[in-house]
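Visitor: Sequence:
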Amino acid sequence: MRKKLLVIVAVVVAVFGIAAVAASPKLIELTSTPDFCNSCHVMNEQHEAWFMTGVHRTIKCIDCHLPHDNIVNHLVWKGIDGTKDLVYFHSGIYEEPIQLSDRGKRVLKANCIRCHEGVVSRIDTEAQECWSCHRRINHKAAIFN
1 MRKKLLVIVA VVVAVFGIAA VAASPKLIEL TSTPDFCNSC HVMNEQHEAW FMTGVHRTIK
61 CIDCHLPHDN IVNHLVWKGI DGTKDLVYFH SGIYEEPIQL SDRGKRVLKA NCIRCHEGVV
121 SRIDTEAQEC WSCHRRINHK AAIFN
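So the sequence shown is residues 1 to 145, counted in UniProt numbering.
Simulated from the structure, these hints should not be mistaken for lab results. For clarity, every value in this text was computed on a predicted model and none was experimentally measured. Be aware that a few hints might be false.
[Said to hold, decoys possible] When the alpha-carbon atoms are kept at most 25 Å apart in a straight line, the in silico DMTMM-like pairs for lysine to aspartate or glutamate are as follows:
(1) Lys105 x Glu45
(2) Lys78 x Glu95
(3) Lys78 x Glu48
(4) Lys84 x Asp63
(5) Lys26 x Asp69
(6) Lys78 x Glu96
(7) Lys78 x Glu45
Can you make the complete structure from the sequences, with help from the hints?
Guide: Below, the structure is given as structure tokens:
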């Protein structure tokens with residue numbers, strides 16, 4: 001009986017594992033859109049400002065707000081940040097306006113430099129933050145302390 005139960009559990013786990021792997025690309029795609037990010041955030045003003053901004057309208061929230069150093073780190077932080085945001089939103093525990101964490105600021109800065117590497121190659125990016133000069137480039141609400 002115990003062996004039969006173990007086989008059933010193994011089959012169920014395998015089926016769910018295969019389903020999770022097969023569904024992952026679609027799930028990642030679905031949860032990577034700005035509309036998805038805005039669906040449970042208190043981000044209407046920021047989402048609207050992003051949508052109305054010509055400069056970065058073609059990029060997604062994840063292009064700036066998630067690390068891009070490698071795919072594993074990207075997916076791990078997508079899961080961590082997404083879960084955290086979901087819990088904060090549904091528990092009602094969040095600041096207004098929403099503020100970036102220190103880690104979030106480091107990720108954002110790294111992504112600014114990643115995309116604008118040629119432009120910033122002569123700038124000492126360690127001495128200042130990108131948003132010191134470009135504070136409202138993508139969101140009209142202040143997101144930095």
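Visitor: Would the pair Lys78 and Glu96 pass a check requiring their Cα atoms to be no farther apart than 25 Å?
Guide: Holds, because 22 Å separates the two Cα atoms, which is no more than 25 Å.
Visitor: Given the hinted pair Lys84 and Asp63, is their Cα-Cα distance within 25 Å?
Guide: holds, 18 Å
Visitor: If you draw a straight line from the CA of Lys78 to the CA of Glu95, is it 25 Å or shorter?
Guide: Judged against 25 Å, a Cα distance of about 20 Å means the pair holds.
Visitor: For the pair supplied as a hint, Lys78 and Glu45, confirm whether the alpha-carbon distance does not exceed 25 Å.
Guide: holds, 22 Å
Visitor: Check whether the Cα positions of Lys78 and Glu48 lie no farther apart than 25 Å.
Guide: It holds: about 22 Å lies between the C-alpha atoms, which stays within 25 Å.
Visitor: Would the hint linking Lys26 and Asp69 be met if the CA-CA limit is 25 Å?
Guide: The given pair, whose Cα atoms are some 22 Å apart, holds under the 25 Å limit.
Visitor: Going straight from one Cα to the other, do Lys105 and Glu45 come out at no more than 25 Å?
Guide: The given pair, whose Cα atoms are some 19 Å apart, holds under the 25 Å limit.
Checked against the numbered hints listed earlier, the structure breaks none of them; every hint is satisfied.
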